[in-house]
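Take the sequence shown: its letter number 184 is residue 184 in the working numbering, and every next letter is one higher.
Rather than coming from a laboratory, the hints here were simulated on the basis of the structure.
Hints are not guaranteed to be accurate.
Label pairs and their calculated CB-CB ranges [stated by the list, open to error]:
(1) M1 / M25: 27 to 33 angstroms
(2) L182 / D89: 26 to 32 angstroms
(3) R83 / V39: 48 to 54 angstroms
(4) A31 / M1: 30 to 36 angstroms
(5) S84 / A227: 34 to 40 angstroms
(6) L182 / L43: 14 to 20 angstroms
(7) I232 / V39: 39 to 45 angstroms
(8) A227 / L185: 49 to 55 angstroms
C-beta atoms are modelled at their ideal positions from N, C-alpha and C, and glycine is treated no differently.
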Amino acid sequence: MLSIALSELVQIFRNRLVLVTSLVMPAAVSAFFVYRHEVFAALGSLGYIAAVVMFTVGAFGLYTTTVTTLASRRQNLFLKRLRSTAAGDTGILSGLLLPITVISLVQVAVIMTVLAVATGEPDNILLLAAAVLSMVIMMLGLGLATAGVTNSPEHAQVTTLPISIGTITVASWVGITGTEELALLKRLLPGGSATELVVNAWNGGVPVTDSLILLVPTLGWVIVAVALASRIFRWEPRR
Numbered sequence: 001m002l003s004i005a006l007s008e009l010v011q012i013f014r015n016r017l018v019l020v021t022s023l024v025m026p027a028a029v030s031a032f033f034v035y036r037h038e039v040f041a042a043l044g045s046l047g048y049i050a051a052v053v054m055f056t057v058g059a060f061g062l063y064t065t066t067v068t069t070l071a072s073r074r075q076n077l078f079l080k081r082l083r084s085t086a087a088g089d090t091g092i093l094s095g096l097l098l099p100i101t102v103i104s105l106v107q108v109a110v111i112m113t114v115l116a117v118a119t120g121e122p123d124n125i126l127l128l129a130a131a132v133l134s135m136v137i138m139m140l141g142l143g144l145a146t147a148g149v150t151n152s153p154e155h156a157q158v159t160t161l162p163i164s165i166g167t168i169t170v171a172s173w174v175g176i177t178g179t180e181e182l183a184l185l186k187r188l189l190p191g192g193s194a195t196e197l198v199v200n201a202w203n204g205g206v207p208v209t210d211s212l213i214l215l216v217p218t219l220g221w222v223i224v225a226v227a228l229a230s231r232i233f234r235w236e237p238r239r
């Protein structure tokens, strides 16, 4: 798995398109939110900024790159060749996705650290970490499912749009308007409960037990995504 991961890390830094998508664009958007934190805090809250930053990296960095990577490796038959080795399916997928997962986690950690230095520390760091991890797992699951219906890296530019744009839109909606109205709908949408969890973790004022329940909808999306991926993910191109 580690050899696959190292090879994939090299490929990420060689591919300019993936590098811009997974590193430069999310970092640039997040830097803008942090730089103008007073404006966006007035619009929503500091927790809202943290949530949007998290999903910007998760959607455009982690999720989109996951789909593009798997579609590319399938198209050039690299997935098929890997399955002929001693590595198991789980090890292959873990090796391919480990580099972008680590990169995304580091990005989120760095950006939120900068936000904390500029505005003050979050109320509950452990709860914030739980929200980030749940988001990462959800986006990986959704990425595996989307890769099953993506024929090529170029096709990924289309198939990833609904979820990448959708999750950021939901994060903005929930972060700005809260969940006092339409609470069930907002929490069940992908990204909604994770956004509320980040807002609670950063701003405080909500009991931890009430916030931990918000992990359930996010993990529910993980189960749905993995179930879909197990049915539609393909290791070879369609003939």
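Checked hints:
A C-beta distance of roughly 28 angstroms is found between M1 and M25, which places it inside the suggested range of 27 to 33 angstroms. Remark: the range hint 26 to 32 angstroms for L182 to D89 is contradicted by a beta-carbon distance near 40 angstroms. Between R83 and V39 the Cβ separation comes to about 50 angstroms, which falls inside the hinted range of 48 to 54 angstroms. Between A31 and M1 the CB atoms are about 33 angstroms apart, so this pair conforms to the stated range of 30 to 36 angstroms.
The supplied range of 34 to 40 angstroms is broken by S84 and A227, whose beta-carbon atoms lie about 27 angstroms from each other. As the Cβ distance of L182 to L43 is approximately 19 angstroms, the hint placing it in 14 to 20 angstroms holds. Between I232 and V39, the C-beta spacing of about 42 angstroms keeps the proposed range 39 to 45 angstroms intact. Distance hint check: the CB atoms of A227 and L185 are about 22 angstroms apart, inconsistent with the given range 49 to 55 angstroms.
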